[in-house]
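Please construct the entire structure, taking both the sequences and the accompanying hints into account.
Here numbering that gives the first Met the number 0 is used: the first residue of the sequence shown is 0, the next is one more, and so on.
No wet-lab data here; the hints were simulated from the structure.
A virtual CB, placed ideally from N, CA and C, is assigned to each residue, including glycine.
Careful: at least some of the hints might be erroneous.
As the list claims (entries may be wrong) - Derived Cβ-Cβ restraints for the label pairs, each shown as a range:
#  : residue 1 : residue 2 : range
1  : E47       : T13       : 23 to 29 Å
2  : E21       : G63       : 30 to 36 Å
3  : E53       : V8        : 38 to 44 Å
4  : G63       : P3        : 45 to 51 Å
5  : A18       : A61       : 33 to 39 Å
6  : V8        : S62       : 44 to 50 Å
7  : E10       : E53       : 41 to 47 Å
8  : E58       : S1        : 46 to 52 Å
9  : R56       : D34       : 39 to 45 Å
10 : P3        : E47       : 40 to 46 Å
11 : S19       : R56       : 37 to 43 Å
12 : T13       : Q43       : 37 to 43 Å
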Amino acid sequence: MSIPLSPIVSEFETEEQAASYERWFRAKVQASIDDPRPSIPHDQVMAEMRALIESKRKERDASGLAARGAS
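Written as structure tokens, this is what we have:
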């Protein structure tokens, strides 16, 4: 039987949902800890993401200009 949780106390509707999420989350964390690949420094990831965002922004702006020029 599932016991309802207060939304003020938990984002889950039942204790079973909370426990299931907790198991899933802990498994993800452990898998990350156990991953033999080298870690990627935070600054490197952020630099790559900034470059990706800027690239997408330029693509969007270029397609917006092309669309405006075609009308």
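Quiz item: Which numbered hints does this structure break?
Solution: 1, 2, 5, 7 and 9
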